[in-house]
Amino acid sequence: MHQAALLGGMVQDAPHYGWALQPVPHDWATMAEAVQNHVKSLNWGHRVQLQDRKVTYFNIKASFVDAHTVCGVSKGGKETLLSAEHIIIATGGRPRYPTHIEGALEYGITSDDLFWLKESPGKTLVVGASYVALECAGFLTGLGLDTTVMIRSIPLRGFDQQMSSLVTEYMASQGTRFLRGCTPSRVQRLPDGQLQVTWEDPSSGKEDTGTFNTVLWAIGRIPETRSLNLEKAGVHTSPTSQKILVDALETTSVPHIYAIGDVAEGRPELTPTAIMAGKLLAQRLCGQSSDVMDYENVPTTVFTPLEYGCVGLSEEEAVARHGEEHVEVYHAYYKPLEFTVAERDASQCYIKMVCLRKPPQLVLGLHFLGPNAGEVTQGFALGIKCGASYAQVMRTVGIHPTCAEEVAKLRISKRSGLDPTVTGC
Amino acid sequence: MMVQIIKDMDELKTFLKAAGSKLVVVEFSAKWCGPCQKICPLVHAMSLQYRNVMFANVDVDDSRDLAQIYHVKVIPTFQMFKKAQKVTLFSRLKRAFCCNGSGIVSKPIFEFCGADAQKLEAKIRELM
Chain B
5 MHQAALLGGM
15 VQDAPHYGWA
25 LQPVPHDWAT
35 MAEAVQNHVK
45 SLNWGHRVQL
55 QDRKVTYFNI
65 KASFVDAHTV
75 CGVSKGGKET
85 LLSAEHIIIA
95 TGGRPRYPTH
105 IEGALEYGIT
115 SDDLFWLKES
125 PGKTLVVGAS
135 YVALECAGFL
145 TGLGLDTTVM
155 IRSIPLRGFD
165 QQMSSLVTEY
175 MASQGTRFLR
185 GCTPSRVQRL
195 PDGQLQVTWE
205 DPSSGKEDTG
215 TFNTVLWAIG
225 RIPETRSLNL
235 EKAGVHTSPT
245 SQKILVDALE
255 TTSVPHIYAI
265 GDVAEGRPEL
275 TPTAIMAGKL
285 LAQRLCGQSS
295 DVMDYENVPT
305 TVFTPLEYGC
315 VGLSEEEAVA
325 RHGEEHVEVY
335 HAYYKPLEFT
345 VAERDASQCY
355 IKMVCLRKPP
365 QLVLGLHFLG
375 PNAGEVTQGF
385 ALGIKCGASY
395 AQVMRTVGIH
405 PTCAEEVAKL
415 RISKRSGLDP
425 TVTGC
Chain H
11 MMVQIIKDMD
21 ELKTFLKAAG
31 SKLVVVEFSA
41 KWCGPCQKIC
51 PLVHAMSLQY
61 RNVMFANVDV
71 DDSRDLAQIY
81 HVKVIPTFQM
91 FKKAQKVTLF
101 SRLKRAFCCN
111 GSGIVSKPIF
121 EFCGADAQKL
131 EAKIRELM
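As they're listed, the protein sequences go chains B and H.
The opening residue of the first sequence carries number 5 in the numbering used here; numbering runs sequentially from there.
The opening residue of the second sequence carries number 11 in the numbering used here; numbering runs sequentially from there.
There could be a bad hint or two in this list.
No farther apart than 25 Å at their CA atoms in a straight line, the calculated lysine to any residue pairs in the SDA-like style are these [unchecked claim]:
hint, chain 1, residue 1, chain 2, residue 2
1, H, Lys117, B, Arg57
2, B, Lys58, H, His81
3, B, Lys362, B, Gln166
4, B, Lys65, H, Asp75
5, H, Lys17, B, Ile64
6, B, Lys58, H, Leu76
7, H, Lys41, B, Asp56
8, H, Lys48, B, Ser45
9, H, Lys41, B, Met35
10, B, Lys44, H, Gln47
11, B, Lys247, B, Arg161
12, H, Lys93, H, Asp75
13, H, Lys41, B, Asn63
14, H, Lys83, B, Ala38
15, H, Lys17, B, Leu46
16, B, Lys58, H, Val84
17, B, Lys82, H, Asp72
Worth flagging that the hints you see were computed from the coordinates, not collected in a lab.
Next comes chain B alone, as it looks inside the complex (with noise of 0.2 Å):
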């Protein structure tokens, strides 16, 4: 759906470059087909794939017995017991609804629903600072419709904020409301099927409502533990997030039952990152190595209408880690090709690499913002991963013309107080 407003954008480009293009209208329906059939289909890959492997799969919902032993209900309500050497749990996590607020489940929905809407959300409110919400928000203005997000702190917390920001920034700029510092007291349905919200608002001390089509609850995610019964088997969860508590083999406090992916405490919340952490869980168990799962440098890349790619260290993290007195910051603004013959505002178009100050200045993080960002990222993640310093950075060519040639360029420090806006070719 990132893409199909990304396409939109590009409809609005067009003339700029030659192309007769009129404005095109956007029917929700038939992308949202495209999508649920593209997800449908990688639902077959993987049944696929585990028959291949000759894996026994059992559609059944799974909880404790025992610490070996694991009942399952299927859909029709058969029961079937399972035992096992060892036990690996991989249930994830799940949207959390806001109980607390007054017709919050019953009138508003979540990233899961979102996708298989068969009509538009129309007039959105999204709730929420987190990726999700940014993601959804972002590609709802871009596909024409008029969208809010509600904040209460900060934007995308645990990511570097000063990048946080930028992001937020573009969006306001391309329409997204933003309502800061606000909660949500509760939702409501009016006669004519809208939803109307109310919310507090610290900055006038009063309260205030608005009308929307559709609520987004993009609040954080819960793990799926609750319907396990862990304590049956004797595994513990933290009290705080009910997430699985592991040790860097991924084993819980049982033996032989193992955690991986969003269930697990600690672990960044990321797919690649689990399919990597059960490949080498699986091959330790079967002897075949002794590898463990490395969770540092991890690169992501956050969906929103100018891409967030990182990896490393945030600014914040470095400083707090190594000392500001340790830590070089390198920084640019530049202006993608794409966006001058476009005329596009390229204002938070932005570079930043975290080093040690100490030769050779390895790097710590690298933060880009701009198109493409997750490609961009997923090719400097590799060189951090062997230890790439910004000594190698400055001796690494460009490849001209690309937004990615001016990480290769970074030359100048936050510390050295010099503008880091675009200068020229």
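On the provided structure of chain B, position chain H as indicated by the hints.
Same frame as chain B, but now just chain H:
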């Protein structure tokens, strides 16, 4: 209904028996598969044109067991059956089968993957 919808092994066995010595074409498809939707009207047209060929369709989501038994990986997949006669008909066997508890499972004489309607028609004409 020129293309018979088949839900399970029993229905498939009944269909194959009723076919006698006619060529049987079974399409494994899915509602979410674009190429399947494209080739659907063409298969229907073929079922009307080739009256001495029996056509059937299996939805891999509705009939997961059948899809598994016939090792369907790619969609659409067309499997062709013909009562064993002699040498020439076993032109290309893609996969061997093991017997399940209820008896010997019917083997296809040819498997065709993908939504190339022309190739499909050519093969049907060759085997029918």
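We went through each hint and held it up to the structure:
| no. | hint | verdict |
| --- | --- | --- |
| 1 | H:Lys117 <-> B:Arg57 | holds, 22 Å |
| 2 | B:Lys58 <-> H:His81 | holds, 12 Å |
| 3 | B:Lys362 <-> B:Gln166 | holds, 24 Å |
| 4 | B:Lys65 <-> H:Asp75 | holds, 20 Å |
| 5 | H:Lys17 <-> B:Ile64 | holds, 22 Å |
| 6 | B:Lys58 <-> H:Leu76 | holds, 16 Å |
| 7 | H:Lys41 <-> B:Asp56 | holds, 23 Å |
| 8 | H:Lys48 <-> B:Ser45 | holds, 16 Å |
| 9 | H:Lys41 <-> B:Met35 | holds, 16 Å |
| 10 | B:Lys44 <-> H:Gln47 | holds, 15 Å |
| 11 | B:Lys247 <-> B:Arg161 | holds, 19 Å |
| 12 | H:Lys93 <-> H:Asp75 | holds, 23 Å |
| 13 | H:Lys41 <-> B:Asn63 | holds, 21 Å |
| 14 | H:Lys83 <-> B:Ala38 | holds, 21 Å |
| 15 | H:Lys17 <-> B:Leu46 | holds, 23 Å |
| 16 | B:Lys58 <-> H:Val84 | holds, 17 Å |
| 17 | B:Lys82 <-> H:Asp72 | holds, 20 Å |
Violation of the numbered hints given earlier is absent; every hint is satisfied by the structure.
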